[in-house]
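Residue numbers (the working numbering), protein chains in the order written: chain A, 1 to 251; chain B, 1 to 423.
Honestly, the hints are just simulated from the structure, not real lab data. Just so you know, these numbers come straight off a predicted model, no measurement behind them. The beta-carbon is built from N, C-alpha and C at its ideal position, and this holds for glycine as well. A hint or two may mislead.
Some chain A residues flagged as far from chain B (calculated, every beta-carbon gap over 12 Å) [what the hints assert, rightly or not]:
no.: 1; residue: S89
no.: 2; residue: R145
no.: 3; residue: T185
no.: 4; residue: G232
no.: 5; residue: R238
Each pair of labels, with its calculated beta carbon distance range [stated by the list, open to error]:
no.: 6; chain 1: A; residue 1: E236; chain 2: B; residue 2: R192; range: 39 to 47 Å
no.: 7; chain 1: B; residue 1: R91; chain 2: A; residue 2: R115; range: 57 to 65 Å
no.: 8; chain 1: B; residue 1: D196; chain 2: A; residue 2: P69; range: 50 to 58 Å
no.: 9; chain 1: B; residue 1: R414; chain 2: A; residue 2: A111; range: 43 to 51 Å
no.: 10; chain 1: B; residue 1: L349; chain 2: A; residue 2: Y152; range: 32 to 40 Å
Away from chain B, derived, C-beta distances all over 10 Å, residues of chain A [said to hold, decoys possible]:
no.: 11; residue: T54
no.: 12; residue: N144
no.: 13; residue: K196
no.: 14; residue: P234
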Amino acid sequence: MLEVRNLSMRFGGLLAVDQVSLDVQEREIVSIIGPNGAGKTTVFNCMSGFYRPTGGTILFEGREIQGKPDFRISRLGLVRTFQHVRLFSKMTVVENLLVAQHRHLNTNLIAGLLRTPSYRQREQQALDRAAYWLDRVGLLDMANREAGNLAYGQQRRLEIARCMVTEPKLLMLDEPAAGLNPAETRDLNQLIIGLKEDYNVSVVLIEHDMSLVMEISDRINVINQGRPLASGTPDEVRQNDDVIKAYLGEA
Amino acid sequence: MATHSLKHALFCAVVTLIIAYPILGLDLEARGTSVVLAGADTATVVSVLAAALVVFVFQLFRHRILGSLGTMPSLNPFANREPMPQDKRQRLETIALVVLVVAALIWPFFVSRGAVDLATLVLIYIMLALGLNVVVGLAGLLDLGYVAFYAVGAYTFALLHQYFGVSFWVALPVGAGLAATFGLLLGFPVLRLRGDYLAIVTLGFGEIIRILLNNMTWLTGGPNGIGGIPDPTVFGMEFGRRVKEEGNVSFHEIFDVAYSGSHKIIVLYLIALVLALFTALVIRRFTKMPVGRSWEALREDEIAARSLGLSRTAVKLSAFTIGAFFAGFAGTVFASKQGFISPESFVFLESAIILAIVVLGGMGSQLGVILAAVAVIILPELAREFSEYRMLIFGAAMVLMMVWRPQGLLPMRRIHIEINKQE
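With the rest of the complex left out, here is chain A:
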């Protein structure tokens, strides 16, 4: 469903991403790994429309999306999280989830001002969906807390829930396990697998936590210094000599 072909991104004299290709099928979890500064997040930024790639094509469900504005891409169903959690921290947890559903809501001002029945019904649906996802990630009791006051692990889960209420087809997670303790990482594992199994979303994952990557990925792409180094199933990648030299270490 997602095909990235020969993606390149140049910042002045620096070629941050060089000829990277990537395939994601329906209901698949694909990881991108590589040393720090390898260009993983840059690939994400190109895919989600934050950068306009300097070369290559990105096809999402057969449509070229490279260079489209970010909010249009996310409306197509390609939604991402961030390396550093980006919540609307002064808004409450539910409000965070309601904001995310705005493109599903009727934003007609007059209907909202008059609180027409259809507007109210849609608002209720949005609330129900928010409640459902809060329950799913175990934050229902926190619904009216300010998002900025949540513990770090909870903020991570809220960010994923906020993506899921938009009903994405492809979820891009940028280091979701960063800063989590082992128990929280295990929960996250379950959550991501659950997203794939129960809601038919595909997941692209950037992650440094190898146990997480190896356990849940269907396929792995390794990038080093902006160039693709290897790709394949977790086992293939683990055996690959180049990967071991560049990233996994000789141990």
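With chain A held as given, fit chain B onto it using these hints.
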């Protein structure tokens, strides 16, 4: 530590002396044709020295003084109480609001004309501040040229009346609509700007409008302004002594009461009250709607908002447009109240005062902004006896306020949303 604060305190005291002595302690006296420098009397010199001493002592014990300021009991006697249950609080708030509105409706019939006139001005500022609160408090877009939209509203009414004889009630929506259009126009060039840069551009925009009004003499009369702006009519009734417009009738003749100059003022007050209430209710509704939430989302994190499919263009433009709309409202009322407007009324200081109201009240908090508007407009009037020191007191009050309660009089409280657990 001790020597450091001693040095610091000495330095501050010397600076006080250096600044205060030449200004207060030296006088220019005219003797014949020449001007002579003369020392001031002893009382002034003593008070300058005393001021320096006060500064010295304050700076020496600054940390202790400010520390005790911080630990002083909060202004709010209910601060330590458990919050009331949601439904009970809402009921109380509703009752309080109804009582307040009824009081505001009856009150003008028992007080002086001056008081009602001042209250109308307060209501105009409430409308302005509520509108700016959308832009600054909710959407987080620092707008220093807000007065431009106020001017657009006021001048729309004035010009429409001068050239086409349009009445208040027609000019009200037209003025607000035109102000909103200007808000939209300003929104486009500043879409990519945030924070300081945005502030500078909006500041420039405010000046452009004022200078245009000043220089387009053929249309606006320039610095001479436009006069003869009519008062609002109610169902074709005028409140003046004689009917000015053909087809209208006068209020005191129809109801056969003695003519009184205060009728007109009370009616204007009531109209302003209704419009201010309308403004407050509409904006309150907005904050609970998707638009309102996306304003706040954009303020909190623009990148995250965009990644969730919110269009920055739509969200920012809607905030500017709606904010400007209510400024146009206020402008129309203002033009009608004054009867005469000139570019003088729309200088940068006005923008600054409206912004101060929003910040003092607590960004995003409607009740806080309303309270602050009342305080900021009425306090200088109460302090009229100290005429010369009015602005000094006003400034000092603001500084103290920001030290003591930086989040504003009544910080915004988040709306509690009831969630039904799903089975």
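Here's how the hints hold up against the structure:
With a cut of 12 Å on Cβ distances, S89(A) falls inside the contact zone with chain B, its closest approach being about 6 Å. Non-interface status of R145(A) relative to chain B is broken: a Cβ of that chain comes within 12 Å, the nearest being about 9 Å off. Every C-beta of chain B lies more than 12 Å from that of T185(A), the closest at about 23 Å, which supports listing it as non-interface. The beta carbon of G232(A) is kept farther than 12 Å from every beta carbon of chain B, the shortest such distance being approximately 30 Å.
At the 12 Å boundary, the C-beta of R238(A) stays outside the reach of chain B, the nearest C-beta of that chain being 32 Å off. For the pair E236(A) and R192(B), the supplied restraint of 39 to 47 Å holds, since their beta-carbon distance comes to about 45 Å. At about 20 Å, the beta-carbon gap between R91(B) and R115(A) misses the expected band of 57 to 65 Å. Look at D196(B) against P69(A): about 25 Å separates their beta carbons, and that is not inside 50 to 58 Å.
Take R414(B) and A111(A): their Cβ atoms lie about 24 Å apart, and the range 43 to 51 Å is violated. Remark: the range hint 32 to 40 Å for L349(B) to Y152(A) is contradicted by a beta-carbon distance near 46 Å. Residue placement check: T54(A) keeps its beta carbon more than 10 Å from all beta carbons of chain B (closest about 21 Å). Separation of N144(A) from chain B is inadequate, the least Cβ-Cβ distance of about 5 Å not exceeding the 10 Å criterion.
Non-interface status of K196(A) relative to chain B is upheld: no Cβ of that chain comes within 10 Å, the nearest being about 21 Å off. No beta-carbon of chain B comes within 10 Å of the beta-carbon of P234(A); the shortest separation is about 28 Å.
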